[in-house]
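Just so we're aligned: 45 in UniProt numbering is position 45 of the sequence shown, and the numbers increase by one with no gaps anywhere.
Simulated from the structure, these hints should not be mistaken for lab results. This one's a predicted model, so the numbers in the text were calculated from it and none came from an experiment. Some hints could be false.
Calculated lysine to aspartate or glutamate pairs in the DMTMM-like style (CA-CA distance at most 20 Å, straight line) [unchecked claim]:
hint, residue 1, residue 2
1, LYS117, GLU107
2, LYS22, GLU112
3, LYS105, GLU45
4, LYS103, ASP32
5, LYS64, ASP52
6, LYS22, ASP32
7, LYS103, GLU33
8, LYS40, GLU93
9, LYS119, GLU19
10, LYS40, ASP52
11, LYS111, GLU33
12, LYS40, GLU50
13, LYS117, GLU33
14, LYS40, GLU108
15, LYS109, GLU33
16, LYS119, ASP32
17, LYS105, GLU93
What follows is a set of in silico ranges between Cβ atoms, one per label pair, in the way DEER data are often shown [stated by the list, open to error]:
hint, residue 1, residue 2, range
18, THR16, GLU100, 39 to 49 Å
19, GLU112, SER59, 41 to 51 Å
20, GLN94, SER56, 11 to 21 Å
21, THR57, ALA115, 45 to 55 Å
22, GLN65, ARG31, 44 to 54 Å
23, LEU55, LYS111, 29 to 39 Å
24, ARG67, ASN96, 25 to 35 Å
Where a beta carbon is used, it is the ideal one built from N, C-alpha and C, also for glycine.
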Amino acid sequence: MSSKTTASSGKKTALTAEEQQKIVSGFQALRDEQTQLVQKTQDLETDLKEHDLVLSTLSTITDKQRRCYRMIGGVLIEHTVGEVVPALQGNREQINNVIESFKQKTEEKAKELTAYKQKYDIHFSYERPTQQQQGSQSAGNAADSGATKKEPQDSGVLVDKEN
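Input sequences plus hints: build the corresponding full structure.
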C-alpha cells in the first residue's frame, strides 16, 4: 500500500483506497488532457500540410482570375485564385499560431504531470524498482555512507501502464 506524510506530525499514515483512487484518477485526467492536446496538434499539423499543398499547387497558376472552388463548412464556394490564395495564407498563419500555442500548453501539462507524480510519489509498474533492488541499493548506500541500513520506502501510488 501507499502512504503519505502528514505535515503536522511527520508520521506516515496509510492512504485509503478511496484516496488512492482519487490520486490515480487525477493523474489519469492530466494524462488524458495532455494526450488530447497532442492529438489536436497532430490534426492541425495535417491541416497545415494540406494548406501548403494547395498553396503550392495554386502558386503554379499565373492567371489570378481563373476560377477556383473552396469548400467552406460543407458548401462549395466559387472564387478566383487571386481571392483564395491570400485567404489560405491567412488561415495557414492562424493554424501555425494555434499549433505553437498547443505545443506550449503540452509542455506546461508535462511539467504539471511531473509535479503531480512527484507530489504523490506516483510510479508506473515498469519504473518502480523491485524490493530486492531497493534492498541492495540501500545496503550499498549504507556501506558507502557508514550509516545503518534503512528499509526501502513503501510510499506512493503505483499505476499500471495502460498503453
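Looking back at the hints listed earlier, which ones does the structure fail to meet? none
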